[in-house]
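For the record, the sequence lines run as chains Z and D. Here the first sequence is numbered in the working numbering, starting from 1 and rising by one per residue. Here the second sequence is numbered in the working numbering, starting from 1 and rising by one per residue.
Just so you know, the hints here were simulated from the structure itself, not pulled from any lab data. The reader is advised that the hints may include incorrect statements.
What the hints assert, rightly or not - Which stretches of chain Z does chain D cover? Using the computed rule of at least three CB atoms under 8 Å from a CB of chain D, they are:
(1) 23 to 29
(2) 56 to 63
(3) 108 to 122
(4) 133 to 145
(5) 194 to 207
(6) 275 to 283
(7) 366 to 378
Since the model is a prediction, treat every value here as computed from it, not as a measurement. Note that the Cβ used here is the ideal one computed from N, Cα and C, for glycine as well.
Number of protein chains: 2
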Amino acid sequence: MTTPLRSRVASANVPGCDFPIQNLPYGVFSTGGTAPRRGVAIGDRILDLAACEAQGLLDAGGTFAAPRLNDFIALGRVKWAGMRSALTTLLAEDAAGALPLVPMAGATLHLPIRVSEFTDFYASKNHAFNVGVLFRGPDNALPPQWTHMPIGYNGRASSIVVSGTPIRRPMGQIRGESGPEWMACRRLDLELELGAIVGADSRMGERLTVEEAEEMIFGYVLLNDWSARDIQAWEYQPLGPFQSKAFGTTISPWIVTQAALEPFRCAGAERVNPLLPYLQEKQPGLYDLTVGWTMNGQVMARTNYNVMYYSSAQQLAHHTGSGCPMRIGDLLGSGTISGPSPDQTGALLEMTEGGKEPVTVNGAPRTFIQDGDEIGLHAFAEGEGYRIGFGPCIGRILPAEEGARHLTGTDKPVPEHEIA
Amino acid sequence: MTTPLRSRVASANVPGCDFPIQNLPYGVFSTGGTAPRRGVAIGDRILDLAACEAQGLLDAGGTFAAPRLNDFIALGRVKWAGMRSALTTLLAEDAAGALPLVPMAGATLHLPIRVSEFTDFYASKNHAFNVGVLFRGPDNALPPQWTHMPIGYNGRASSIVVSGTPIRRPMGQIRGESGPEWMACRRLDLELELGAIVGADSRMGERLTVEEAEEMIFGYVLLNDWSARDIQAWEYQPLGPFQSKAFGTTISPWIVTQAALEPFRCAGAERVNPLLPYLQEKQPGLYDLTVGWTMNGQVMARTNYNVMYYSSAQQLAHHTGSGCPMRIGDLLGSGTISGPSPDQTGALLEMTEGGKEPVTVNGAPRTFIQDGDEIGLHAFAEGEGYRIGFGPCIGRILPAEEGARHLTGTDKPVPEHEIA
Chain Z
1 MTTPLRSRVA SANVPGCDFP IQNLPYGVFS TGGTAPRRGV AIGDRILDLA ACEAQGLLDA
61 GGTFAAPRLN DFIALGRVKW AGMRSALTTL LAEDAAGALP LVPMAGATLH LPIRVSEFTD
121 FYASKNHAFN VGVLFRGPDN ALPPQWTHMP IGYNGRASSI VVSGTPIRRP MGQIRGESGP
181 EWMACRRLDL ELELGAIVGA DSRMGERLTV EEAEEMIFGY VLLNDWSARD IQAWEYQPLG
241 PFQSKAFGTT ISPWIVTQAA LEPFRCAGAE RVNPLLPYLQ EKQPGLYDLT VGWTMNGQVM
301 ARTNYNVMYY SSAQQLAHHT GSGCPMRIGD LLGSGTISGP SPDQTGALLE MTEGGKEPVT
361 VNGAPRTFIQ DGDEIGLHAF AEGEGYRIGF GPCIGRILPA EEGARHLTGT DKPVPEHEIA
Chain D
1 MTTPLRSRVA SANVPGCDFP IQNLPYGVFS TGGTAPRRGV AIGDRILDLA ACEAQGLLDA
61 GGTFAAPRLN DFIALGRVKW AGMRSALTTL LAEDAAGALP LVPMAGATLH LPIRVSEFTD
121 FYASKNHAFN VGVLFRGPDN ALPPQWTHMP IGYNGRASSI VVSGTPIRRP MGQIRGESGP
181 EWMACRRLDL ELELGAIVGA DSRMGERLTV EEAEEMIFGY VLLNDWSARD IQAWEYQPLG
241 PFQSKAFGTT ISPWIVTQAA LEPFRCAGAE RVNPLLPYLQ EKQPGLYDLT VGWTMNGQVM
301 ARTNYNVMYY SSAQQLAHHT GSGCPMRIGD LLGSGTISGP SPDQTGALLE MTEGGKEPVT
361 VNGAPRTFIQ DGDEIGLHAF AEGEGYRIGF GPCIGRILPA EEGARHLTGT DKPVPEHEIA
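Okay, chain Z solo, but in the shape it has when bound (with noise of 0.2 Å):
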């Protein structure tokens, strides 16, 4: 086994540390009620970008004053590859020199980009075979043209929230005995997925190869796709889920770059038949990355991302397919991350199989989520002697307020997802 790089944060150097100096995850932070500004996380310290930038340590052309990671992004690979060399260096063992670093355990995490939109897949055939069980029964369970295309439907951008924001539960419109009632969700679920981030514009009319796509991501993070089962199987024919996946989504406060990734490259599922040749790729688009869930601190399940039938960047090439412009911030869930065994799923609807079969958490029998619970996301990739972890991605579920709240007035306060 080589020696792996050390850092001079000596926490980062701590085996099992999330955030190694091989890692160099971006993020966007505050302290205190400062202006939310852009970090990277080492150990258990922040590194203040702005600051390193103003004390000229760092050169991002001034991009890193700015509320979102969007215009560092934009600046192009490059420039990323340029900044990962460069803190490396500036945070490796033997570098000299003070630095801004802060605490994080004192710090606010933000959302890290402005989401432009939101598109989610659907690429574990474990879990598109066993909710299309559920939901329609074992001979249509699983779509003809779903082992020739990764399906997608546009989600809703404007409610996705960082690790650690409080989920309400949702009213909705549900089946009911004897025609459709208004009522609090009662299948409320999670979702285990990651989330990859498009660094690059594509413009309308462009399509895009999967390497072209592979080139247009900057990173990853976890997202867990909240679902209101009960409000989905009411609602999501013909057009898609809507409401039920509205009411939240929450992604991880560190941007984990596609760089930090690279060593873990590796296929994903067996193919049934051959892809079409726009989706064909020249080199495994998956990563081994163990994924898994939390509830209420006891693990749940726990799977691999290279279970997935198609990578993020096949997806990207399928969504420009169409002639289709991307944008810098653009956020594509890879769909729910399930394995073949019930240890292995990524939400509870299979777990439970619809229900009916309860697991124990804590001791207590659970099929769908109560209010209290708290769902926490995990992810690494374990290398020669570090881990490029991704931090928790948690929330906790609130209970369903009834009736409107009408909330304007001049005195809102600007939401978390508003800044910038």
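Assemble the complex: chain Z is given as a structure, and chain D must be docked to it using the hints.
Below, chain D alone, put in the same frame as chain Z:
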């Protein structure tokens, strides 16, 4: 009949003019390569709002200098009413003083708003039934929830373009004899819709009544939701339309305000069953608007917006039902507007019964749209001695381009949809 108010701009007083002083729709224009600026259409002229503000004729808090109308819209309903009143005074027949008026014929019209997100609904019962028969047969034509909720899906905002922008026929994955093939769309269609522009933010967790939603709508545009029916048929189950609707959506350049449409408020289609309380409206939510479309100049269909089953306010209330936050610049497509007979349908799919019954256009048979065809949408309300028109919403189809098209590089032109 009362004598209608007249304008000092003579062309605005000509019978049948789309833009009399009763209309005053907002847009963004440029002349001779200058930067886009805000304007109001009056007769065959555009009142330059930025120039008006610079000259002290109007006060919009400097927002008329922004490249899109979002900042002005953000000022809120009271300011919208005040500006309408100030514009009416400024443009009245008896007003004096020079005005910065620009001939519309020499101006380039741009997207009037920065579209935050695009949601498309499905609110004509005739259309939902007709299309349902074609996609799923008569037994499952109208989904069971259709008369209980405004079904909608998230569309793609990045491919929304202004009237006049050519639309490239998309390539896509299409079901063939022996499996899917990659080919140019052969069943290219239009969808005649209105688009409502959301004029205020709502908060995450905030749920609006229909009346509150009504107060949040700034105005309306025409919207052509171009659709690739063969791509759609293969991709759309179970998650809804995706690339079949992502290659382009055309909107008209002038936002007709809710205030201008107020005299034409009327009820929509008769209810099949009572709605749940959160969707019930205290006042009629539709408008008596003649709408129609042309192909290569020939009128193909004409109907009325009041055939719709759900209003934009009901759609917006439903959209916030789960607590989904809305943002200024969100665009809500009404859904295809179709009356019961073929010459009242807003899509060729319906008009030709899925391509089985060709129609005649300028003497030649047509099922779907051919390369070079130009589709125009129109809409107007007839007042007493004046007409509130939307102006044209036009798009011409360019032939498909095979192969990948990669246009990246630092010399890429900034496309229309990306300006601020």
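Structure-based check of each hint:
For a cut-off of 8 Å, the count of residues in the segment 23 to 29 of chain Z with a CB near a CB of chain D stands at 0, and the three-residue condition is violated. Here the segment 56 to 63 of chain Z counts 0 residues with a CB under 8 Å from a CB of chain D, which misses the bar of 3, and the coverage is violated. With 3 residues having a Cβ less than 8 Å from any Cβ of chain D, the segment 108 to 122 of chain Z passes the three-residue criterion, so the hint holds. Interface restraint, the segment 133 to 145 of chain Z with chain D: holds (4 residues with C-beta to C-beta distance below 8 Å; minimum three).
Proximity of the segment 194 to 207 of chain Z to chain D, defined as three or more residues with a beta carbon under 8 Å from a beta carbon of that chain, is established by the 8 residues found. Counting residues of the segment 275 to 283 of chain Z whose CB falls under 8 Å from any CB of chain D gives 3; the rule of at least 3 is met. Evaluation of the coverage hint for the segment 366 to 378 of chain Z: breached, as 0 residues show C-beta separations to chain D shorter than 8 Å, against a requirement of three.
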